[in-house]
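So the sequence lines, in the order shown, correspond to chains A and B.
For what it's worth, my numbering labels the leading residue of the first sequence as 1, then goes sequentially.
For what it's worth, my numbering labels the leading residue of the second sequence as 1001, then goes sequentially.
Please note that a few of the clues may not be correct.
SDA-like mimics (lysine to any residue), calculated; alpha carbons at most 25 angstroms apart, straight line [what the hints assert, rightly or not]: (1) K1226(B) - W95(A); (2) K155(A) - T1203(B); (3) K1226(B) - Q183(A); (4) K103(A) - R1325(B); (5) K71(A) - T1227(B).
Computed footprint of chain A on chain B; a stretch qualifies when at least three of its residues, placed anywhere within it, have a C-beta under 8 angstroms from a C-beta of chain A [as the list claims (entries may be wrong)]: (6) 1079 to 1093; (7) 1173 to 1182.
No lab work stands behind these hints, which were simulated from the structure alone.
All values reported here derive from a predicted model rather than from experimental measurement.
Each residue gets a CB set at the ideal place from its N, CA and C atoms; glycine is no exception.
These are the residues of each chain, in order.
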Amino acid sequence: MSVAVEATDVVKVFGEIHALDGLSFTVSSGEIFGLIGPNGAGKTTALRVVSTLLLPTQGSVKVFGLDVVDKASDVRRIIAYLPEEAGAYRNLSGWEYLEFMAKFNSKNEAEIREMVKEATEITGLGERLKDKTKTYSKGMKRRLLVARALMNKPKLAILDEPTSGLDVLHAYHVRDIIKRYVQEHGVSILLSSHNMLEVEHLCDRVALLNKGKIVAEGKPQELKEKFGSANLEEVFAKVVGLV
Amino acid sequence: MFKGFGNVLVKELKELARDPKILLGMVILPLLMFPVIGSIMSYSIQSAQEKAEKTPLLIVNNDGGNWSELFINILISSSVKVSVENNTVITNDTVLELMSNYNTTQLIEIPTGFSTNMTQHFNVSETIKATLSFYAVFSGSGAFESVGSSVIDNLASEFNRAVAPDAVKTDKSTIIKGEIKEGVDPAALSGLMISQSIALPITIMILLTYSMQIAATSVAMEKEEKTLETLLTLPVDRFAILMGKLSGSIFVSGVGALAYMIGFNFYMGSLTAIYSRAGTSLDLVSLGLVPSLFGYFLLGVSLFVALLSALALAVIISAFAEDVRSAQSVIGYIYPLIFIPSFLLLYLDINSIPFAIRIILYAIPYSHPILASKAVIMSDYWTPTLGIIYVAAFTLLVMYVASRLFATEKILTAKLKFRGLRKRGRTPAE
């Protein structure tokens, strides 16, 4: 199995703050890998470095063997990034938004149509895609954006808190999309979440982040067994010495 | 009914007073802006008066009688610097030649028969009056152009007081673009031009501020909604993203400038018509005081590049604001750069302003459409052309800086802050 992401001793400094402090992890191809941790742990910073938005102060990150600093343009061709709590263009319809984004990934009209069709099915929004996105609920918007991130079948989808703030039904739908896409298309997923219970059921492997460092890594079941805990929340609490 | 009012009020005042943007925008800026405008205006009025008094007044004596000699002697004894030329027929060519020779812009002709009329005023009938002809060059530059005309009125009044009330009246003519326009009072013309030019700076102010707000909101919205973050991870050149945003703004500028020119043309036409119907002799079209087609073109281009520079600046500044509210507040700090030149150039000739402030005004891109609007009326095409070149260069520089910044992670991490006033604001790790 090839390596989708290989982060080695990544440090990211903002002024005097070490947002990432020697972060290392690997994501295998076709795997759902979760970075989990409390607010301020460095999850978003890590995802932004992988998605070429931020430069690492030290260390290296490779996506399918491509360095995110030296080969940023090539990396951008094979990834899709979904920021936390992102919106869509308020005055475009959902359909127009998908078409606009698809045009960045292909110049071929047939391919663009195919991508939009694919995304339309993923969203499950039906006729509502004709409405302006400003009329969408938070859950509908998130479904639209997740569909956008997956519609071109990227080799790696980087999803920052994909279900944050969603109700049970919308969160279930989004998780279902992610799982289905990995199974059907072999897309690799790197996601972040502070909802450790949710991640347990979604991710193949997880890394627990605290203060910019990984404090534990493995399959959710293995981690629970290793630390004798009922869930990942308890694992995290034990690892950081809260209990 | 008012239970809790005091509590809410105190909270509200605390929040507002602690917001540095409100403190700067609502208190400090007006406190600085109006004294600055007032001081410059006061200086300019004073310098216009001094200039009018110091400008040599050329007397063409075509009368040669006793009364004309007396009039000249009274002028010489006043503070006015007087030069005298005898027996010259007043025509377009001679007026311009004489003014050029004596380095002046004001001329009084004492016509043939002045002394005869004065004598008849005293001996025959008080209804017979002697006439002086006054000629002044109109440069269309500012509100205080009428000062010269009022100095002449004062001199005539002084002479009347010395000899007899209402013995002398003045016929005023204005030299516009090298041509004598008989019966056109320079002061009245200046007043008309000012009343007409009020619309220009105001409309430019509205157009600039409105389009800057639109551009700033558009970019800040991309940041707030994180659509910019998404765009930056797509296989697209970052310069293309910037140019796409700017091109949208360029389109808005083009439409704005075009709408402005259509409106301005209509305004000029309707205003001239009103003055014509009122029976006044001031008809700006026949006086040649409306821009030519080329003048309109230059004014349109000048406005377009100024709008473009404003939009480019708005795009850059707002790209570094955290959200829409911050972007709009920060854009507000550029407004004095639009308002101050507009107010000043509305009333003042740029050449009457102190040198250092003049340089600052020239450096502000938003002064140039206003300068251009005055210049094209006087068929001065160099002022708008140079202004267009300068503003275009300024815009290119701003766009270059923007492209450099868009190429780095600063576009996401940089945040405009009020250092010292607000302690929080470091880039969060999450």
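Here's how the hints hold up against the structure:
At most 25 angstroms may separate the alpha-carbon atoms for a hinted pair to count; K1226(B) and W95(A) meet this at roughly 19 angstroms. For the given pair, K155(A) sits about 53 angstroms from T1203(B) by alpha-carbon distance, which is inconsistent with the 25 angstroms threshold. A distance of roughly 29 angstroms separates the Cα atoms of K1226(B) and Q183(A); the hinted pair therefore is violated under the 25 angstroms criterion. For the suggested pair K103(A) and R1325(B), the alpha carbons sit about 31 angstroms apart, so the restraint of at most 25 angstroms is broken.
Under the criterion of a C-alpha separation no larger than 25 angstroms, the hint pairing K71(A) with T1227(B) is consistent with the structure, at around 23 angstroms. Closer than 8 angstroms: that is the beta-carbon criterion, and the stretch 1079 to 1093 of chain B has 0 residues meeting it against chain A, so the requirement of 3 is violated. Coverage of the stretch 1173 to 1182 of chain B by chain A is violated in this model, with 0 residues showing a Cβ closer than 8 angstroms to a Cβ of that chain against a need of three.
Checked against the numbered hints above, the structure breaks hints 2, 3, 4, 6, 7 and satisfies the rest.
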